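Protein sequences appear in the order of chains C and R. Under numbering that gives the first Met the number 0, the first residue of the first sequence carries the number 0, and numbering increases by one thereafter. Under numbering that gives the first Met the number 0, the first residue of the second sequence carries the number 0, and numbering increases by one thereafter.
In short, the hints are calculated from the structure, not lab data. Don't take every hint at face value.
Unchecked claim - Within a straight-line C-alpha distance of at most 30 Å, the following computed DSSO-like cross-link-like pairs (lysine-lysine) qualify:
| hint | chain 1 | residue 1 | chain 2 | residue 2 |
| --- | --- | --- | --- | --- |
| 1 | R | LYS335 | C | LYS62 |
| 2 | C | LYS58 | C | LYS365 |
| 3 | C | LYS252 | C | LYS306 |
| 4 | C | LYS49 | R | LYS335 |
As the structure is a computational prediction, the values presented were derived from the model and not from experiment.
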Amino acid sequence: MNSLVAGISTLSLARWQFAVTTVFHFLFVPLTIGLGLLVAVLQTAAYRTKDLAYDRMTKFFGKLFLVNFAIGVVTGIVQEFQFGMDWSRYSVFVGNIFGAPLAIEGLLAFFMESTFLGIWIFGRGRVSARIHLLSIWLASLGTILSAAFIVAANSWMQHPVGYTIDPKTHQAVMTNFWAVMTNSTFIAAYGHVLASAFLTGAVFMLAIAAWHLRKGHDLAGFAKAARIAIVVTVLAAVATMFLGDTQAKQMTKQQPMKMAAAEALYNTSTGASFSLLTIGDLSGNALFQIRLPHLLSVLATNSWNGKVEGINQLQKQYEQQYGPGSYVPMIWLTYWSFRIMVGLGILLFALGGVALWLVRKRRLEKSPRFLRFATWMVLAPFLANSFGWIFTEIGRQPWVVYGLLKTSNATSPIAPGYVATSLIGFTAIYSLLAVVEIGLMLRIAKVPPAIETPEEAERAPELIY
Amino acid sequence: MLAIQQLSPSGLDQLWFYLIGVLWLGYFFLEGFDFGVGTLLPFVSRDDIDRRVVINTIGPVWDGNEVWLLTAGGATFAAFPQWYATVFSGFYLALFLILAALIFRGMAFEFRHRSDDPGWIRWWDRALFWGSALPALLWGVAFADFVHGVPIGANYVWTGTFFDLVKPYALLGGLSTLLLFTLHGATYLGLKSDGDVRVRAQAMATRLAPLTFVVVTAFLAWTYQTAHTNHQVGLVPPLLPIIGLLALAAVGWLARDLLEGWAFIATAVVIVAFFATLLLNLYPNVLVSSIGPNYNLTIAAAASHRYTLEVMSWVALAFTPFVLLYQSWTYWIFKKRVSRPGAEPVTESSTTRT
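Work the whole structure out from these sequences, hints included.
Structure (structure tokens):
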């Protein structure tokens, strides 16, 4: 099997596989978290007001939520298994600490979301309206909890705390679970991930509502859905930006190389400027740049003339600290992924702001160009989420656990042929899923909800699946 | 000192060996019938409505059942990192196949009913069948490999290939679990469906039971012989496999006599006894090396440090009761038999004598 992929190492194949499967998985997860909460809000409104418009919206967005949830579930199993499959040396090293939140995630979060979602899907008309409402809230809570444990695990890789290294086995061993779960990196990252997930759900809902408003379908329902989505978009965008800013300052202290790479800042500077974009070479010979003075210092240190360390100085320092080798991540990817994430975040905040203004002027339904724009903006949160994680993970390289374990020492001792097989397999399966999923989502999203009588709205089909 | 520690795992290590065992037993008991129902899908239905009846019997619960696997995997990662690492990297291609199967199967539940196009429905029916039958087979192969021993050498590094996993003994193990899960699915359908599907499921259970009994008996006999050759001490109470085989012997009669509740309990007992036998056979190891007993991975060597296990024990103690409670509650909510829309509901008392 080796000969098939001669020259490609297990390491690079395993990294590609992790990138493909994780980016794909995380396209769906934020939407599950965000839309789950929004569907719960819609159903609560339907329950409280007895307004059938809310009921229609609950069912309409509920369908999209379920189709999306399914992909998140099935690709999530791969996530848990591939640590052992491709990264067994990593697994042995971190199992004592990293495994615990994963196990707890299963026990606390996955059981809750799957069980109560089962009740929600099949329970309409069979359990009381109150229990049915409770079940969507508990399913939503499950998704929100699950994010906590996986982000805690990732935050430990970014900024290890509450551990010691066993001198005999060279494993990282947990000494303080509380420290792991209150890691400053985790608190900020969890908030950022949750806020961006709510943003994703809200922009998704707004985009689809905007499409139907433009087409004149179910104006009563979609105008209500759009209003909720717009408020959440604005709030979540503000929270995402605020927490992202907190993370940037944390990163400057905890992983200065990531911050230096994010700006392609080669030499330590005070009052450092921030480049909005660069055309040409990032290593100091740019053809064209737009620079905002002092902004990098403010972003990184919260002070006008704060000192930001440069790549060259950090590289020297790390060589002394950790031995020879490169400690510089892929600059171009870190630099651009950071800008794409931040840029899209600001754009989404603007989208929410303009939409809110149009709602207040009662002009939202009469602004077809804005509605068309809002529909296309559905792509933005997904891109921002992906590039955010690409930035976080690429910027940490060459480390898989910051300062403790290099990615190159983390793979399984297996032949590249195995990893190549599963890489090709997963890529093929995921591509197929993506086509089927997007096709199905588009079809469901375009069918306006049927107007029902109160009796019809209560009735559940005899066979759901 | 190290040698003693390797021989006798501490109480906490042992506790987690058993707890992970319980998670696997729970997984196979629950998803066992999901797999069985999926495998029986083409055999107990005549038309699309029948197939929907079959799928709806597990509709509200399959996802919660699958979480047992995720929790077992996560708990193994946390409590026995070396076990998780060696097994998952060693059983690489087998796990890839299981994952691929579970992906298509999971999609099928949510996607199948979203269109009326016959081609679309047929596609997802196939996904459900293969996505159920393949893992049902492969889990048995994997657990048989644990007992049989796999090529792990120094530092618990896997030295074999995919073909080390598919020895005749392991294949017989796979056939055993495929048949067991299918039988379990048949008794579950007998209990949860109504009308023609129920009748066909009962007939299927009656017909499958003798064959399953022969295959599983042969496999367990071979298991004892294998363990003997490997000088595996094990901890299996002799009654355990016997109870399993007695329950299995009873399934055929129970199903034929329409004692559906009892038939389902019997297949559940068989599955629990079957996997408990395999897991307890491993003790005090979690993996047996086919290279030599010196390379066996013991519970003690694989276990996480005390502090991690303590934290996990508290979390498990605090939350498992709630999980068991609400998961049982869903079965209570959806306890009604699934039947074809518009069909006359058959009352419980007239046909069942459970």
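### Task
Hints the structure violates: just list their numbers, smallest first.
none
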